[in-house]
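S.K.: One-letter residues, chain by chain:
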Amino acid sequence: MYYIVSIAILITMALALTRALLGPSVYDRVLAVNMFGTKTTLLLSVIAFLYGRPDFLDLALTYALINFIGVLAVLEFFQSRSIRRANNRVDGS
Amino acid sequence: MDSAIDVLSWILLALGGGFVFVGGLGALRLPNFYTRMHAASLTDSMASILILVGIMLQAGWSLAAIKLLAILAFLLLTGPTASYALANSALLSGLKPGNSADESTEN
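Quick note, the sequences are listed as chains Y and U, same order. Here the first sequence is numbered in this note's numbering, starting from 1 and rising by one per residue. Here the second sequence is numbered in this note's numbering, starting from 1001 and rising by one per residue.
Source of the hints: derived by calculation from the structure; they are not laboratory data. Note that CB positions come from ideal geometry on N, CA and C, so glycine has one too. Check the hints yourself; a few may be wrong.
[Unchecked claim] Here are some chain Y residues pointing at chain U (derived, C-beta under 7 Å):
(1) Met-1
(2) Ala-8
(3) Ser-45
(4) Ile-47
(5) Leu-57
(6) Thr-62
(7) Gly-70
(8) Val-71
(9) Leu-75
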């Protein structure tokens, strides 16, 4: 049963990577990366029980936290960049 | 009793796998950014609940169940927050919601 779930999660990670490569906007890519991170957390928890090694749960916990911080940092960067560009456009014209 | 819990956790895990797959398909195939985010964020939360509760039933009363509960709590806190921040910053940077397929807005 764990095999089926982990294969479903792996297929979904491939689909998310395809979306991240296709784009078209930056936010699509951030969405795909965020989804990929959540799926990684789930995959790590499933693998911990598939191979009977509960240590992997600590990795999953850490990954969940780091993924959230990373997505927020990237979003902050792109948001301030788009605001700066809009200001430049107003000043330049 | 034991096999009943097994069957219940298998059902939850299978449903969770289905939700994960549907979310990935929706994020790839839907026509426009906000619809893609709708598919991805909703199924993320639902699949996390189903899969982690399914594993928790297999773990029984142990330290692993507490760790799984902590992972579930963090995912439920951070997933919707990240989705909100993503939608907010996409809206602020001028990506308009609408029902048309998106033209390429590369910025």
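S.K.: Against this structure, judge whether each hint is valid.
M.R.: Hints, one by one, checked against the model:
Interface hint status for Y/Met-1: upheld, as the beta-carbon distance to the closest one in chain U is roughly 5 Å, under 7 Å. Look at Y/Ala-8: its Cβ gets to within about 4 Å of chain U, closer than 7 Å, so that hint holds up. The criterion of a C-beta within 7 Å of any C-beta in chain U is met by Y/Ser-45, whose closest approach is roughly 6 Å, and the hint holds. The criterion of a C-beta within 7 Å of any C-beta in chain U is not met by Y/Ile-47, whose closest approach is roughly 11 Å, and the hint is violated.
Checking Y/Leu-57 against chain U by beta carbon gives a least distance of about 4 Å; that is within 7 Å, so the hint holds. With its C-beta approaching chain U no nearer than about 10 Å, Y/Thr-62 sits outside the 7 Å limit, and its interface hint is violated. The closest approach between the C-beta of Y/Gly-70 and any C-beta of chain U is roughly 10 Å, which is over the 7 Å cut-off, so the hint fails. The interface hint given for Y/Val-71 is met, as the beta carbon of that residue sits about 5 Å from the closest beta carbon of chain U, less than 7 Å.
Proximity of Y/Leu-75 to chain U holds as hinted, the smallest CB-CB distance being about 5 Å (cut-off 7 Å).
In the structure shown, a violation is registered for the earlier hints numbered 4, 6, 7, in ascending order.
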